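The listed protein sequences correspond, in order, to chains A and B. The first sequence finishes on residue 347 if you use UniProt numbering, and the numbering steps up by one all the way, no holes. The second sequence finishes on residue 347 if you use UniProt numbering, and the numbering steps up by one all the way, no holes.
FYI, nobody ran anything at the bench for these hints, they're computed from the structure. Treat the hints loosely; a few may be bogus.
Derived DMTMM-like pairs: lysine to aspartate or glutamate, alpha-carbon spacing no greater than 20 Å straight-line [as the list claims (entries may be wrong)]: (1) A/Lys87 x B/Asp203; (2) B/Lys87 x A/Asp2; (3) B/Lys26 x B/Asp203; (4) A/Lys94 x B/Glu307; (5) A/Lys94 x A/Glu84.
Given the structure is predicted, the values throughout are model-derived calculations rather than measurements.
Protein chains: 2
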Amino acid sequence: MDTPCLMIDVGVAERNIARFQVLAEKAGLATRPHVKTHKMPYFAHLQCKAGAIGITCQKIGEAEIMADAGIGDILITYNIVGEEKLKRLVALAKRCRLSVTCDSLSVAEGLSQRFAQASMPLTVLVECDTGAGRCGVRTPQEAAALAAAIADLPGLTFGGLMTYPPMVGADRVDGWLRAAVDQLGEVGLPVPVVSTGGTPNLDELGAFSSATEHRAGTYIFNDRSLIARGACSVSDCAAVVVATVVSRPAPGRAIIDAGSKALSSDTLGLEGFGLIREAPDAQIVALSEEHGILDISASQWDPRIGERITIVPNHVCVVVNLIGEAYLRHADGRIELMPVAAKQQIR
Amino acid sequence: MDTPCLMIDVGVAERNIARFQVLAEKAGLATRPHVKTHKMPYFAHLQCKAGAIGITCQKIGEAEIMADAGIGDILITYNIVGEEKLKRLVALAKRCRLSVTCDSLSVAEGLSQRFAQASMPLTVLVECDTGAGRCGVRTPQEAAALAAAIADLPGLTFGGLMTYPPMVGADRVDGWLRAAVDQLGEVGLPVPVVSTGGTPNLDELGAFSSATEHRAGTYIFNDRSLIARGACSVSDCAAVVVATVVSRPAPGRAIIDAGSKALSSDTLGLEGFGLIREAPDAQIVALSEEHGILDISASQWDPRIGERITIVPNHVCVVVNLIGEAYLRHADGRIELMPVAAKQQIR
Numbered sequence: 001m002d003t004p005c006l007m008i009d010v011g012v013a014e015r016n017i018a019r020f021q022v023l024a025e026k027a028g029l030a031t032r033p034h035v036k037t038h039k040m041p042y043f044a045h046l047q048c049k050a051g052a053i054g055i056t057c058q059k060i061g062e063a064e065i066m067a068d069a070g071i072g073d074i075l076i077t078y079n080i081v082g083e084e085k086l087k088r089l090v091a092l093a094k095r096c097r098l099s100v101t102c103d104s105l106s107v108a109e110g111l112s113q114r115f116a117q118a119s120m121p122l123t124v125l126v127e128c129d130t131g132a133g134r135c136g137v138r139t140p141q142e143a144a145a146l147a148a149a150i151a152d153l154p155g156l157t158f159g160g161l162m163t164y165p166p167m168v169g170a171d172r173v174d175g176w177l178r179a180a181v182d183q184l185g186e187v188g189l190p191v192p193v194v195s196t197g198g199t200p201n202l203d204e205l206g207a208f209s210s211a212t213e214h215r216a217g218t219y220i221f222n223d224r225s226l227i228a229r230g231a232c233s234v235s236d237c238a239a240v241v242v243a244t245v246v247s248r249p250a251p252g253r254a255i256i257d258a259g260s261k262a263l264s265s266d267t268l269g270l271e272g273f274g275l276i277r278e279a280p281d282a283q284i285v286a287l288s289e290e291h292g293i294l295d296i297s298a299s300q301w302d303p304r305i306g307e308r309i310t311i312v313p314n315h316v317c318v319v320v321n322l323i324g325e326a327y328l329r330h331a332d333g334r335i336e337l338m339p340v341a342a343k344q345q346i347r
Numbered sequence: 001m002d003t004p005c006l007m008i009d010v011g012v013a014e015r016n017i018a019r020f021q022v023l024a025e026k027a028g029l030a031t032r033p034h035v036k037t038h039k040m041p042y043f044a045h046l047q048c049k050a051g052a053i054g055i056t057c058q059k060i061g062e063a064e065i066m067a068d069a070g071i072g073d074i075l076i077t078y079n080i081v082g083e084e085k086l087k088r089l090v091a092l093a094k095r096c097r098l099s100v101t102c103d104s105l106s107v108a109e110g111l112s113q114r115f116a117q118a119s120m121p122l123t124v125l126v127e128c129d130t131g132a133g134r135c136g137v138r139t140p141q142e143a144a145a146l147a148a149a150i151a152d153l154p155g156l157t158f159g160g161l162m163t164y165p166p167m168v169g170a171d172r173v174d175g176w177l178r179a180a181v182d183q184l185g186e187v188g189l190p191v192p193v194v195s196t197g198g199t200p201n202l203d204e205l206g207a208f209s210s211a212t213e214h215r216a217g218t219y220i221f222n223d224r225s226l227i228a229r230g231a232c233s234v235s236d237c238a239a240v241v242v243a244t245v246v247s248r249p250a251p252g253r254a255i256i257d258a259g260s261k262a263l264s265s266d267t268l269g270l271e272g273f274g275l276i277r278e279a280p281d282a283q284i285v286a287l288s289e290e291h292g293i294l295d296i297s298a299s300q301w302d303p304r305i306g307e308r309i310t311i312v313p314n315h316v317c318v319v320v321n322l323i324g325e326a327y328l329r330h331a332d333g334r335i336e337l338m339p340v341a342a343k344q345q346i347r
């Protein structure tokens, strides 16, 4: 095992998987974990075995890898646009129970044109912007109108409502969704699925009274951003980057062999680029591509060249994708090198 | 061709390669391009054909790919530490003319232990911190002392001085290097190579009076950070990310299918996450993993869903590594899909 590399504690990941399952069941929700965090069929199967009804993917490339690995129920929470992707979507729909989301008539019409000729209709959920300002229709009225349009379009089945990210408070999200469900009820359209998402809100799942399922991704490994939000502790973080100290060029400064091509430049609003478990008071103050620059002036830690450290990354999802392979540490101590199967799926 | 993807204009890259060669020759310097930007043997061969004396790599994995592809002269500008990497370094030294850098006796001793038993000595340059505060010995005196130690260690040959990054002004860098060369002269140690680096300083290469070669990497493709520094114009940027508009959820907002897993979160001090060539007054204000969020409220541009755009990334080196394959557009209009061969070399 050489550095930089990614090390995943399978026992911690399993504990995180079980916790999500318990919290969701307590709230009366099904779980549909988002695989963008791990991109590995191994972990998707663990999630399904623990009770997930299916998985969430963010692009067709991820979904193709997961369907090939035998995952049977996949929701792609993305507007699928363009001839190439629509062709792949039709092929994918033959290999698993597939659903997608959309937030405009334009995207729905593109899906309809392709699936009108397919053997099976495609299930399409309406993406709802409940306050985050990314994708999604902006009012319950718009949601109802788009749902009705989907229900009318050939080749499509209206599948329900989806929202992400829910950074505005579960109560407000739930109020929005409930209003949309009511609107749809008035026009006689049943809403089979209401899908919420996110890891930071796992403790408030009970507030999603209108939801039927919850999608969380980062919870399986956790990271420094979730520690900062109070969503987990260091010991709940299953994935760390292992790095080696390669230089001690000046007092108070150490250099490691993990830079932006291993840790990524994602800060998610935090200071620094990761948490050093062996020296939490040392700061990763800057990254170049293959160097991490550590300010250790406020720390008693005095590392020698060649010393190894483990880093909880700011944002584990992008780090797994970047590094592209992981050492899995199993409960029995066995270490297994596993490729991140879906990392090369840029599309 | 589907999106998101990376498109490289080979003609523009060739023009950039030729320009570096001309500027270096005018300054009396050899060129040793840094391949971390492209990670593709195809471009390394173009650089060598244009007159480069060899290439620079930042890690062994890159160097192995380049040696396998027939590149004959490789400098790895990195402290190589640890048994695994030293083993690979010995094997690599049999396949090309190899040199490395180091900034401490500890690293030099590690190299020596391995290469004392090898058939050929390893050439080792001293990394000098001429003001950037990353790796490197901090004074010309320390440089001379480490050089003398390297010359004395079995299995090693002292190869010269290396510095990066030279953000403090070429004159100051040159003063530092000249002092070190003088110190070494006093103890009778010749300095065969003085290697400077960087793209932003290509117009001041003449100031490096003590240098023998220059390493530049980003110059081959250029990027938004170099436009911001006045080092190039948009038309000098050879590599763009092609993305598709997938949502128009609100007036003044558009969403594209390139997020932080395509464009990276590198800002290099800039506002926003890339320059949209078709609408330079639109801002890529935020990224999530698979979404780019555009503020188009100050722009006349009113894109439809499905419209394609081309983005000059903030930092092209990390984007090439992330996307992992590139469409090359040749001068005759031919488009060729090429893997980024060294992208999977995390070590």
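Tested hints:
With a C-alpha separation of about 49 Å, the suggested pairing of A/Lys87 with B/Asp203 is violated against the 20 Å cut-off. At roughly 12 Å between alpha-carbon atoms, B/Lys87 and A/Asp2 fall within 20 Å of each other, so this suggested pair holds. Restraint check for B/Lys26 and B/Asp203: satisfied, since their Cα atoms lie roughly 11 Å apart, inside the 20 Å limit. For the hint pairing A/Lys94 with B/Glu307, the CA-to-CA distance comes to about 28 Å; that exceeds 20 Å, so the pair is violated.
This hinted pair checks out: A/Lys94 and A/Glu84 have alpha carbons roughly 16 Å apart, not beyond 20 Å.
Checked against the numbered hints above, the structure breaks hints 1 and 4 and satisfies the rest.
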